[in-house]
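Asks: Top to bottom, those sequences are chains A and B. Counting from 1, one number per residue, gives the positions in the first sequence under the numbering used here. Counting from 1, one number per residue, gives the positions in the second sequence under the numbering used here.
Do not rely on the hints blindly, as some may be mistaken.
Since the list can't tell identical chains apart, any single copy or any two copies may satisfy a pair.
[Unchecked claim] The list that follows gives simulated cross-link-like pairs (lysine-lysine, DSS-like), each with its CA atoms no further than 25 Å apart: (1) Lys103 - Lys200; (2) Lys200 - Lys149; (3) Lys149 - Lys45; (4) Lys54 - Lys209; (5) Lys15 - Lys149; (6) Lys157 - Lys54; (7) Lys157 - Lys200; (8) Lys149 - Lys50; (9) Lys101 - Lys91; (10) Lys91 - Lys50; (11) Lys200 - Lys71; (12) Lys200 - Lys101; (13) Lys11 - Lys200; (14) Lys149 - Lys129; (15) Lys101 - Lys45; (16) Lys149 - Lys137; (17) Lys71 - Lys137; (18) Lys200 - Lys15; (19) Lys137 - Lys69; (20) Lys149 - Lys114; (21) Lys157 - Lys15; (22) Lys129 - Lys157; (23) Lys91 - Lys69; (24) Lys19 - Lys50.
Think of the hints as simulated: they come from the structure by calculation, not from any bench.
Here is what each chain is made of, one letter per residue.
Number of protein chains: 2
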Amino acid sequence: MNELLNQTSIKINDKVFLKNPESSNLGRNIISESIFLINELGFEKFTFRKLSNKIGSTESSIYRYFENKHKVLLYLTSWYWCWLEYQLVFKTVNTKDPQEKLKTAIELLTQTAKQDSNYSYINESVLHKVVIAESSKLYHTQEVDSDNKDGLFLVYKRLVHRVSVMVLELNPNYEYSHMLISTVIEGAHQQKHFALHLPKLTDTQDGEKGITHFFTQVVFSSIS
Amino acid sequence: MNELLNQTSIKINDKVFLKNPESSNLGRNIISESIFLINELGFEKFTFRKLSNKIGSTESSIYRYFENKHKVLLYLTSWYWCWLEYQLVFKTVNTKDPQEKLKTAIELLTQTAKQDSNYSYINESVLHKVVIAESSKLYHTQEVDSDNKDGLFLVYKRLVHRVSVMVLELNPNYEYSHMLISTVIEGAHQQKHFALHLPKLTDTQDGEKGITHFFTQVVFSSIS
DNA sequence: CTTAATTAATAGCTTTACTATTATCTTTGC
DNA sequence: GCAAAGATAATAGTAAAGCTATTAATTAAG
Chain A
1 MNELLNQTSI KINDKVFLKN PESSNLGRNI ISESIFLINE LGFEKFTFRK LSNKIGSTES
61 SIYRYFENKH KVLLYLTSWY WCWLEYQLVF KTVNTKDPQE KLKTAIELLT QTAKQDSNYS
121 YINESVLHKV VIAESSKLYH TQEVDSDNKD GLFLVYKRLV HRVSVMVLEL NPNYEYSHML
181 ISTVIEGAHQ QKHFALHLPK LTDTQDGEKG ITHFFTQVVF SSIS
Chain B
1 MNELLNQTSI KINDKVFLKN PESSNLGRNI ISESIFLINE LGFEKFTFRK LSNKIGSTES
61 SIYRYFENKH KVLLYLTSWY WCWLEYQLVF KTVNTKDPQE KLKTAIELLT QTAKQDSNYS
121 YINESVLHKV VIAESSKLYH TQEVDSDNKD GLFLVYKRLV HRVSVMVLEL NPNYEYSHML
181 ISTVIEGAHQ QKHFALHLPK LTDTQDGEKG ITHFFTQVVF SSIS
């Protein structure tokens, strides 16, 4: 049942991996433990050797699933965005009022991910931390254009587009819907990171609620 | 004369370097060429060996100036923010109208840096590209807290604070002035990067002007 | 002009990132 | 039930990156 839900809802572009990690125990272990290890060490100090030690396997076995650690992080973030998109659709499908719908979307994009028991080998709240701390490194590389050509950012772009459509529902003349939504998503991550490490760059009177409130207010005042 | 201006206006925290690169020919060469090389290769593929080959020196000589390449990038971005702060003060000192002042600040923060002939060994427009593409990596590391303790982000925090004061001049009750300004600075960089590499995430009808227009509108509508 | 102090170059070491090859484990056809 | 074929994992490497101890050369002080 979990497996079924897994297969149907979360679909990752197969150019990210050499062999689908969902297809074997070792593969699922790679995904599961890489989340913890990247969170623990940071992406720079995360290596396949350390990961293989942790899961009792070898470096070259991991290389059979992923070309390099960059692709592992791409897999993890794609999974995260896909999962979030699924929740977005689920939470807004019954909402008629476009204003309410956009508000729900912004809350989802700016709040902390909750654990989801449907995917047993993925810890969503740790994954969320990894996405906040590391995901921007995925497109700040020399390979960004070829990765983009391969469709490795498709899920993310689709999510941004989906929310920007909600913006246009409210104001069809608004010129910067994509800019606004990608600013909200990336900005919310950044502000959470700043709150933890560089609090002078943010205003943390009321923590996470502040971030959601700030971005909600930014969006609605900008498009009206 | 250039040297004098150099010494007086741009002051870098001396914990960034082991030996001040301004103090010697080799040091200035390291700064000058590292800008081009990081821009060319990206930060990941930039190494001290490659840099030393380019400037006709050796790896270990560069290590006498900087602990590692991370500190070089910290030096470059600190220099950039310091230089921008200097321009901000210069451009707004005679502006009385707080609205006009903030508008000038946002333009400066969201537009492309122009070449400044006062600093002969630094190419500001290439440095700006480096800051856009690489600077976020500086605080997405395991060392962010200790770097912050050492004051390596002070210039940046001071710049954000300076502009957030302008926001508070216009609306003393606005709760998120720092969040707003750090979102603008980081967001403008991000959108420029997206426009080049992931255009689906932005709205590039009118290029750079669009970005300035978007963020100006976001700021003024949010604080009013 | 000799000695001390500073600075640069040489050579090497450890770790990372990756790969070619060998070994082992499953199938599955008969 | 078992051998051949195919798939999977472990071994053993290589090249480059990141860093350092040591030696050589240059500059400054007395």
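Asks: Each hint needs a verdict: does it hold in this structure or not?
Replies: To see whether the hints hold, each was checked on the structure:
1. Lys103 - Lys200: Between. Shortest inter-copy distance 22 Å satisfies the 25 Å Cα cut-off; intra-copy 28 Å does not.
2. Lys200 - Lys149: between (38 Å within a copy, 12 Å between copies)
3. Lys149 - Lys45: between (28 Å within a copy, 21 Å between copies)
4. Lys54 - Lys209: Classified as neither: same-chain Cα gap 36 Å, cross-chain 50 Å, threshold 25 Å.
5. Lys15 - Lys149: Within one copy only: 11 Å inside, 41 Å across.
6. Lys157 - Lys54: Answer is neither: 34 Å inside a copy and 39 Å across each miss the 25 Å cutoff.
7. Lys157 - Lys200: Result: close only across copies, 6 Å inter versus 31 Å intra.
8. Lys149 - Lys50: This pair counts as neither: shortest intra-copy Cα distance 31 Å, inter-copy 29 Å.
9. Lys101 - Lys91: Within. Shortest intra-copy distance 9 Å satisfies the 25 Å Cα cut-off; inter-copy 42 Å does not.
10. Lys91 - Lys50: This pair counts as neither: shortest intra-copy Cα distance 39 Å, inter-copy 52 Å.
11. Lys200 - Lys71: Answer is between; shortest inter-copy Cα gap is 21 Å, intra-copy 34 Å.
12. Lys200 - Lys101: For Lys200 and Lys101, only the inter-copy Cα distance (22 Å) is at most 25 Å; the intra-copy one is 33 Å.
13. Lys11 - Lys200: between (39 Å within a copy, 21 Å between copies)
14. Lys149 - Lys129: between (27 Å within a copy, 22 Å between copies)
15. Lys101 - Lys45: Neither, since 40 Å and 44 Å both go past 25 Å.
16. Lys149 - Lys137: both (17 Å within a copy, 24 Å between copies)
17. Lys71 - Lys137: Answer is both: 12 Å inside a copy and 18 Å across each meet the 25 Å cutoff.
18. Lys200 - Lys15: Between copies, since 20 Å is at most 25 Å while 40 Å is not.
19. Lys137 - Lys69: Both. Shortest intra-copy (12 Å) and inter-copy (17 Å) distances satisfy the 25 Å Cα cut-off.
20. Lys149 - Lys114: neither (32 Å within a copy, 32 Å between copies)
21. Lys157 - Lys15: Close inside one copy (17 Å), not across copies (40 Å); limit 25 Å.
22. Lys129 - Lys157: Both ways: Lys129 and Lys157 sit 20 Å apart in one copy and 24 Å across, limit 25 Å.
23. Lys91 - Lys69: neither (33 Å within a copy, 45 Å between copies)
24. Lys19 - Lys50: Within one copy only: 20 Å inside, 35 Å across.
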